Every structure is written in C-alpha cells, then in structure tokens.
Amino acid sequence: KQEVTQIPAALSVPEGENLVLNCSFTDSAIYNLQWFRQDPGKGLTSLLLIQSSQREQTSGRLNASLDKSSGRSTLYIAASQPGDSATYLCAPWGGGSQGNLIFGKGTKLSVKP
Amino acid sequence: EAGVTQSPTHLIKTRGQQATLRCSPISGHTSVYWYQQALGLGLQFLLWYDEGEERNRGNFPPRFSGRQFPNYSSELNVNALELEDSALYLCASSLGKIAKNIQYFGAGTRLSVL
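Going line by line, the protein sequences match chains A and B.
The first sequence lines up with residues 1 to 113 when you count with this note's numbering.
The second sequence lines up with residues 1 to 114 when you count with this note's numbering.
Note that these hints are calculated values from the structure, not bench results.
Only a predicted model underlies this, so the values are computations on that prediction, with no experimental measurement involved.
Note that beta-carbon positions come from the ideal geometry of N, C-alpha and C, so glycine has one too.
Some clues are possibly wrong.
Claimed, not checked - If you want the footprint, here are the derived chain B segments under chain A, 3+ residues with CB under 8 Å:
| # | region |
| --- | --- |
| 1 | 29 to 43 |
| 2 | 46 to 58 |
| 3 | 103 to 109 |
Next up, chain A with everything else stripped away, as it sits in the complex (with noise of 0.2 Å):
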C-alpha cells in the first residue's frame, strides 16, 4: 500500500527565500507524481506533473524533482513570495493504486512579508 509523507509539515519563511518541500513515498513502481496547491477552504490547483521516466519539471519559479528509485520527490521554490503561502501536497499515481491519486498530508506554507 502506498504511504506519503511530506516534511516538513509547516513552515514560515521571510519572503524572498528559496525554499525546499520533501514528499517520499514507499512504493516505488509510480507512472508519475503531481505536486498540488491548496488554499484554505478550496480546492486543489496542479502545478507539475512529472512522469516516471522524467527527472525534473520546471513552471516559473518552481522546479520539482523526482528520484522514483529513492521514493522521493522535491519541490523548489525560488524567490518565494507572500502570494505563495498555500498548503502544498504531493500526490503518486500507481503504485498500486488503481487510478486514484495518494496524498500526502501537505506542507503549510507561509510567506511572510
């Protein structure tokens, strides 16, 4: 069964820093992984998809990495801004799972001004 963990689970930074989001995952037989974002009460936005065969996926000032052989996927955020405080999840597809998605339970990202 596929476990995600996300490290760390909240984190406030000044902004303009760079920053760094972990995800692992136990199961590595993943076809990909998308990163979400998540504002309070709302939905979920996909900001990258990565596939298994990919090692990197790059959108403005974010970049996610992916090492399916480690379970592990990061995201980098660059120059981050108060417009970025969102709570960010990771999600792998397969796995075995059965087309669903499994989350992690997200990063709790603010920026300050």
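Given chain A, put chain B in place with the hints provided.
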C-alpha cells in the same frame, strides 16, 4: 474553457439524512474521481468512474456510492449521514485512465452534518 464544477458549494444536513453532491468534468474528460478531505485526515480517495463504469473505490462503507452519467458528469451519494462525514468533498477529472494525464480538481463541496 470551464474547469471542473461542483455543486452545491455548501451543504448542511442532519445525521441520518442523505446527501447528493454533483460534479461536471472538463469537456472531453471521461474520468471522474471523488476524494474526501476531512479535518486532520488529509485527502482520501473515494471513487473513480470512467466511461460510466465504477473502476475503483477507496476504503469507505457502502453508504458512499455514486454514478456517472452518459455526459460524464457524476453524482456522489452519501446515505445515513454520520457526524464524521463532515468534510470537503473534491471531484477531479482527467482524460481517461491513462497514467500520463493530469487530474484537475474542482473547488469542492463542503458538507456539514449536524
């Protein structure tokens, strides 16, 4: 192009009642997924429908059920509501059961059971 839409936004029920939540996928998407996000428990997978068929269900009791219509929209029904069913219910859609496809999420339905 419209994203995934869910209705209602908020739903208040009492224990023992039934709740019906609705989801319209992005045009062209045939797969619909339902997830529950209860306070402190994280996002849990409920149901997956594709091409009108239930493809998989999560570890939830049978009083959680649903269906997918010919236009690919979907309903989630929760019978005999319990207090712990209070949660944000999220629907997602994708271009079918292909691993490469991104799941896009709606804004959710907040169900409160009193």
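Violating hint indices (sorted, rising): Result: no hint breaks.
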